[in-house]
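A.B. asks: As given, the protein sequences belong to chains A and B, one line each in that order.
With this note's numbering applied, the first sequence covers 75 to 378.
With this note's numbering applied, the second sequence covers 92 to 341.
No wet-lab data here; the hints were simulated from the structure.
Hints are supplied without guarantee of correctness; some may be wrong.
[Stated by the list, open to error] Taking lysine-lysine and the DSBU-like style, the derived pairs with C-alpha atoms no more than 30 Å apart in a straight line are:
1) Lys275/A <-> Lys123/B
2) Lys256/A <-> Lys154/B
3) Lys256/A <-> Lys220/B
4) Lys123/B <-> Lys113/B
5) Lys208/B <-> Lys275/A
Small disclaimer: the values here were computed from a predicted structure and weren't measured.
Now for the letters of each chain:
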Amino acid sequence: MNFLERVRTCRYKRIDSKTAEKIVEKLLFIATLSSTLIVFFIIGFMFKEGIPALALGWDFFFGMIWRPPHNQYGIVPLVVCTFIVGIGALVLAAVIGIPAAIFLAEYAPTWLRNIIKPCVEMLVGIPSIVLGFFGLIVIVTFIRDSFGGYGECILAGWVILAIMTLPHVISISEDSIRAVPKAYKESSLALGATQLQTIKKVILPNARSGILAAMVLGMGNAIGETMAVLMVIGNPEIPFIPSSILDPVRVLTSTIVIEIPYAVWGSMHQHALFALGVVLFIVVAILNAITTAVMKRGEMGGGR
Amino acid sequence: MSNIEVSGLNVYYEKGTSHALKEVNIEIETNKITALIGPSGCGKTTFLRALNRMNEVNEVMTKGKVIIDGKDIYNGGVDVIQLRKKVGMVFQQPNPFPMSIYDNVAYGPRIHGTRNKKLDTIVEESLKKAALWDEVHDRLGESALKFSGGQQQRLCIARALAVNPEIILFDEPCSALDPISTSRVEDLLRELKKDYTIVIVTHNMQQAARVSDFTAFFLLGEVIECGKTTQIFEKPRDKRTEDYVTGRFG
Ligand SMILES: Nc1ncnc2c1ncn2[C@@H]1O[C@H](COP(=O)(O)OP(=O)(O)OP(=O)(O)O)[C@@H](O)[C@H]1O
Ligand SMILES: [Mg+2]
Numbered sequence: 075m076n077f078l079e080r081v082r083t084c085r086y087k088r089i090d091s092k093t094a095e096k097i098v099e100k101l102l103f104i105a106t107l108s109s110t111l112i113v114f115f116i117i118g119f120m121f122k123e124g125i126p127a128l129a130l131g132w133d134f135f136f137g138m139i140w141r142p143p144h145n146q147y148g149i150v151p152l153v154v155c156t157f158i159v160g161i162g163a164l165v166l167a168a169v170i171g172i173p174a175a176i177f178l179a180e181y182a183p184t185w186l187r188n189i190i191k192p193c194v195e196m197l198v199g200i201p202s203i204v205l206g207f208f209g210l211i212v213i214v215t216f217i218r219d220s221f222g223g224y225g226e227c228i229l230a231g232w233v234i235l236a237i238m239t240l241p242h243v244i245s246i247s248e249d250s251i252r253a254v255p256k257a258y259k260e261s262s263l264a265l266g267a268t269q270l271q272t273i274k275k276v277i278l279p280n281a282r283s284g285i286l287a288a289m290v291l292g293m294g295n296a297i298g299e300t301m302a303v304l305m306v307i308g309n310p311e312i313p314f315i316p317s318s319i320l321d322p323v324r325v326l327t328s329t330i331v332i333e334i335p336y337a338v339w340g341s342m343h344q345h346a347l348f349a350l351g352v353v354l355f356i357v358v359a360i361l362n363a364i365t366t367a368v369m370k371r372g373e374m375g376g377g378r
Numbered sequence: 092m093s094n095i096e097v098s099g100l101n102v103y104y105e106k107g108t109s110h111a112l113k114e115v116n117i118e119i120e121t122n123k124i125t126a127l128i129g130p131s132g133c134g135k136t137t138f139l140r141a142l143n144r145m146n147e148v149n150e151v152m153t154k155g156k157v158i159i160d161g162k163d164i165y166n167g168g169v170d171v172i173q174l175r176k177k178v179g180m181v182f183q184q185p186n187p188f189p190m191s192i193y194d195n196v197a198y199g200p201r202i203h204g205t206r207n208k209k210l211d212t213i214v215e216e217s218l219k220k221a222a223l224w225d226e227v228h229d230r231l232g233e234s235a236l237k238f239s240g241g242q243q244q245r246l247c248i249a250r251a252l253a254v255n256p257e258i259i260l261f262d263e264p265c266s267a268l269d270p271i272s273t274s275r276v277e278d279l280l281r282e283l284k285k286d287y288t289i290v291i292v293t294h295n296m297q298q299a300a301r302v303s304d305f306t307a308f309f310l311l312g313e314v315i316e317c318g319k320t321t322q323i324f325e326k327p328r329d330k331r332t333e334d335y336v337t338g339r340f341g
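Using the sequences and the accompanying hints, generate a full structural model.
C.D. replies: Below, the structure is given as C-alpha cells:
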C-alpha cells in the first residue's frame, strides 16, 4: 500500500460513510420537521387565542353587529363584505383575464406573446402597498369625481384586487389552454371547424378545470390580500352590509390591521381579532383545497 | 369525385431556412389508393398536410400548385373550410375527442350546421362505413377514450367520413395498432376506395404493397419515383428506390 492510498483510506475511516449518511438524513428530517411544526404552531396559537371569541358561538358567527366598544362581535357584515369584494374582483379579473389567456395561447404570434407575457408577469412584482397608493390616488379620485360619494368603496376594491389577481388568472388559464393536446385542436381544424369553433368546442371544455382552478386560487388570493384593499375600501367605523357598490366596506383583513392597535392585551376584543384570523385561514384553506381537487380531477379526465 | 394534381410544390419551415419539400410533382388518381413511402423526415407528412392546408397551423411557407377538382387550393379564392370538408384526414395516433362515440362522429356535421334526426342517420352510416357500428351501436353514449386503440382509430375514420369528404388522407394510421387491428383497417381502406380517393403515408413496405394502387417514394424532400405499386416494388427505375423497398437502404 503506497502513501497516497493510505491517506485516502484513512480519511474515509474517520467517519465511515454509513454513519455520515445517517447523520445527513437526520439533519434533513429535522429541517423538514421544523417547517411543519411552525405551521402547526401558528395554527394552534391562532385557535388558542381565538377560542374565547369563537366560543361566543351564534353571536360571533351570525351576529350582525361588529362594535368592539360595546362588546359586540358579530362577523356577518365583515364576512359578507369580504366575499362581495373577493367575488366581484374575481369576476372582473375573469372577464379580462380569460379572453386575454385565449388570445395569448391561440391567436398571438410568438413575438407579441414574448412582449405581453413578461409585462403581465411584472404586475405580480408590484408591491401591494404601491398598488394601494396608486389606487387611492388614481382610482379612488376617479370614482369620486365621476360617480360621487367618498370614492373609497367596493368598486375601488374590485378594481385594485382584479389588477392583483389578473396575472395569476391569465397565466394559469393560458397554461391550461396550452396543455390541451394539439391532436384535439388539429383534428377539429381538419374537420373544417374554424379557429373560433375549435376554441369553443374542444379547447375550452378541455381547459375548463385549469381555468376553474385559476379562478378559485385567485379568489383565495383576493380574500387574503390586505394592504392594497385596506387603502381603497374606506373601512367605515361600524361595518355594515352595503347596498351600493359605491359604499365603503370593511373586510376581515382590514379589520384586523385597523383594530390591533386599539385592542387591549388579553381582552375579548383581541381574542375576537384572532378569531377573525381563524375564519380567514379556514376560508382560504378551503379555497385552496378546492383548487387542488379541481386540478386533480382535470388531470384524470382530460388526458389519456 | 376528385383527383389531385400537384406541381412545383415547395414547403419551407422555420421562416424559409428549412426546405422540407422540393419541387414535388405528383398526380393522384380518383378512387385509388396512393401510398407515400420514404425514410423518416423525408417530408411525407408535410406533403400530406399540404393537400388540406393543415401545414398552415404551424408557421410555414408554401409555393407551387395543388389542383383539386380543377382549382388551385393555394389560390386566394379557395375557402379553407370547404377544402377541409372535402379533404378529410386521419392522424397517426388515434385521437378521438374526450367525448362520447356519438359526439365524436357528430362533431363535424354539427360544426357544419346539421341538426337532430339527420345527425342520427349520419352517425350510424359513418360508423357502418368505418366497420365499427356492430361493436359500438349499443354504447354510443360511452366515452370514446374507453375503447381500444384499433376501435379508436376506426372511430377517427368514421369521424372523418361524417363530413362527407371526397378525399381522405391517412398519416401512418396503423403505426399505433396491433396486427389484427391493422388488418381490419387495411380491409376498410380497400372498401373505402370505392367511394373515396385515398392517400396514405406508411412506413410498412408490406402494407404499401398490400393496399395501394400507386406508390410515391420520397427522399430528403424530393419525389424520387412514383408509379404503379407493382412497378415500384418489382421493377423500380431508380437505384435508391430499389434499395429502399428491398430494405437495403443505408
Ligand atoms: N413543425 C415543423 N417545424 C419545423 N420543421 C419541421 C416541422 N415539421 C416537420 N419539419 C421538418 O420537415 C422535414 C419533413 O418532416 P415530415 O414530418 O414531413 O417528415 P416525415 O416524412 O413525415 O417523417 P416521419 O416518417 O418521421 O413521420 C423534417 O426535416 C422535419 O424536421
Ligand atoms: Mg410523418
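A.B. asks: Would the pair Lys123/B and Lys113/B pass a check requiring their Cα atoms to be no farther apart than 30 Å?
C.D. replies: Holds, at about 25 Å.
A.B. asks: Compare the distance between the alpha carbons of Lys208/B and Lys275/A with 30 Å, and conclude whether the hinted pair is satisfied.
C.D. replies: holds (21 Å)
A.B. asks: Please verify whether Lys275/A and Lys123/B have alpha carbons no more than 30 Å apart.
C.D. replies: Cα-Cα ~34 Å, so violated.
A.B. asks: Straight-line Cα separation of Lys256/A and Lys220/B no greater than 30 Å?
C.D. replies: holds (27 Å)
A.B. asks: Under the criterion that the straight-line Cα-Cα distance not exceed 30 Å, is the pair Lys256/A, Lys154/B satisfied?
C.D. replies: The hint holds at about 25 Å.
The earlier numbered hint that this structure contradicts is number 1, and it is the only one.
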